[in-house]
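*Asks:* Fit chain Y to the supplied structure of chain B, relying on the hints for placement.
Given next are the chains, with one letter for each unit.
There are 2 protein chains.
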Amino acid sequence: MIVVKKTDEMKKKVLAWKKKGKTIGFVPTMGFLHKGHISLIKKARRENDIVAVSIFVNPIQFLPGEDFASYPRDFENDEKVCEREKIDVIFSPAATGIYPEGFSTFVEEKELSLPLCGRNRPGHFRGVTTVVLKLFNIIRPDTAYFGQKDAQQSLVIKKMVKDLDIPVKVKIVPTVRERDGLAMSSRNKYLSGEEREKAPAIYKSLKMAGEMVLKGERNAFKIKKRVEKTINSATGGEIDYIEIVCPVSLEALKRIESGALIAVAVKIGNARLIDNIIVKTPGKGIRKGKS
Amino acid sequence: MIVVKKTDEMKKKVLAWKKKGKTIGFVPTMGFLHKGHISLIKKARRENDIVAVSIFVNPIQFLPGEDFASYPRDFENDEKVCEREKIDVIFSPAATGIYPEGFSTFVEEKELSLPLCGRNRPGHFRGVTTVVLKLFNIIRPDTAYFGQKDAQQSLVIKKMVKDLDIPVKVKIVPTVRERDGLAMSSRNKYLSGEEREKAPAIYKSLKMAGEMVLKGERNAFKIKKRVEKTINSATGGEIDYIEIVCPVSLEALKRIESGALIAVAVKIGNARLIDNIIVKTPGKGIRKGKS
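Chains as they are written, first to last, in our numbering: chain B, 2 to 292; chain Y, 2 to 292.
The shape of chain B in the complex, shown without the other chains:
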């Protein structure tokens, strides 16, 4: 395994692999790797000749006042994880390597980026699409792997890839959870012991919503109210949104359909946590729009 910090050096390595006809799998991360990342990495490892993992806390996807400075970093452990998973290269550029002085070009998806996390984090997805396109152009992967936990991010990236004809296959990998159901996230680190005990209620409320649908409830408003009540009473967190949306357009649904995405964002203490499930209705298959 090699660690590359310079963009030009990374491009040279990529060119050499391309010339040899190697397939490249790519897992973009902000580091502080957990089992969710490892699940992406393992899949990439199974499916490609070369696996590249980027570790880059992307400043332009954080809004002023968000947690860019405090975002957890542990490069030493990340390196161990990548070594253990037998990846070929860690690409960990400096911020000035990705955004040199005078940087002025941005990629913006203008529909799927607007609702849910886009509403309270304007500019966030512009930062994501811009860095992902750059990383795609540097690493030139055949396949890139993203987590379903960041459902909206995955959809925005898939839309960018389709709209801009980017020659990369995007695969979305299921959310990995702690034993108690909490979705793996680097931001879980922000939780105090007490908050950590309350946080699994987010996923429990989503599972409960899924069960309501299975039992026949189709009224999105009623389900959202139940989820809201559960999260409020169990976590005391500040709910950013609870939405039930079409898994393709992210448009809000009044009546639940099979395949609908229930997505939540809740601030518990200093941690803004997101999670989502795709609901099934009895007797119908899950809609295929997601992957």
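Copies of the same chain are indistinguishable here, so a pair counts whether it falls within one copy or spans any two.
Simulated pairs of lysine to aspartate or glutamate, EDC-like, Cα-Cα distance not exceeding 20 Å: (1) 163 <-> 102; (2) 44 <-> 89; (3) 163 <-> 109; (4) 190 <-> 75; (5) 7 <-> 79; (6) 190 <-> 67; (7) 190 <-> 80; (8) 170 <-> 9; (9) 20 <-> 166; (10) 163 <-> 10; (11) 163 <-> 112; (12) 13 <-> 166; (13) 7 <-> 166; (14) 20 <-> 50; (15) 14 <-> 166; (16) 6 <-> 166; (17) 23 <-> 50; (18) 159 <-> 102; (19) 159 <-> 109; (20) 163 <-> 9; (21) 225 <-> 239; (22) 223 <-> 241; (23) 43 <-> 151; (24) 36 <-> 79; (25) 19 <-> 50; (26) 6 <-> 77; (27) 223 <-> 252.
Keep in mind that the hints were calculated from the coordinates and are not lab data.
*Replies:* Showing chain Y alone in chain B's frame:
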């Protein structure tokens, strides 16, 4: 030579060429090919195994009320020109092939796009960068060729390529002119006989400005006033701008430096014509920032 209209078919051809290790030269055009385009095509032909020319009048780089509908088109002649120049493929997609329903991702350069043509054509360069990135991703050229006549466009595209790490080399090719100096442009077709006779005054005024600099004039304001007076009296056209700018940042210069770009846009009748020169001062080399 083949003509490809479908994006997916084009991508397949490209993949086959890539697998054979062929180099690809790319000349993006809006068709109605003239000697300016041919100069780009000839250079691409000399330098690459495969030459692709796209012919696509890009709707999103025209503002409402501009000449998208009336922009001259002559596919039959374009085909003959490309055949004669021994290119390998014309890519001429439908607008709905490039921008299917629901298209929502745009690329925007936010500094060099603002002055000059950007001032009166907001959104124009966003349309240019978006389509060029898409075409780059479809054709995946080693080298792409653009004309110096569209000086600002060339700079914006080079900036996009640098900022987004796009693996394409961009080459800028000198402006080709009619015998009387008028820069070749598809839009010259809009000129009436009388207007066509007046139009060469644009380049004459730029040459005169270049001579003023050679003779020692360094005051940008004085030179702009002379150019303005000459264009006004000789063409009666409506001047959009006359600017003397740094050829790298496009920032306005008060005092002329060697390598400065003098750029003008003038509306004569229905034709909005642009032209530019890079000035030299005696005894100094031309600044290298341009290419």
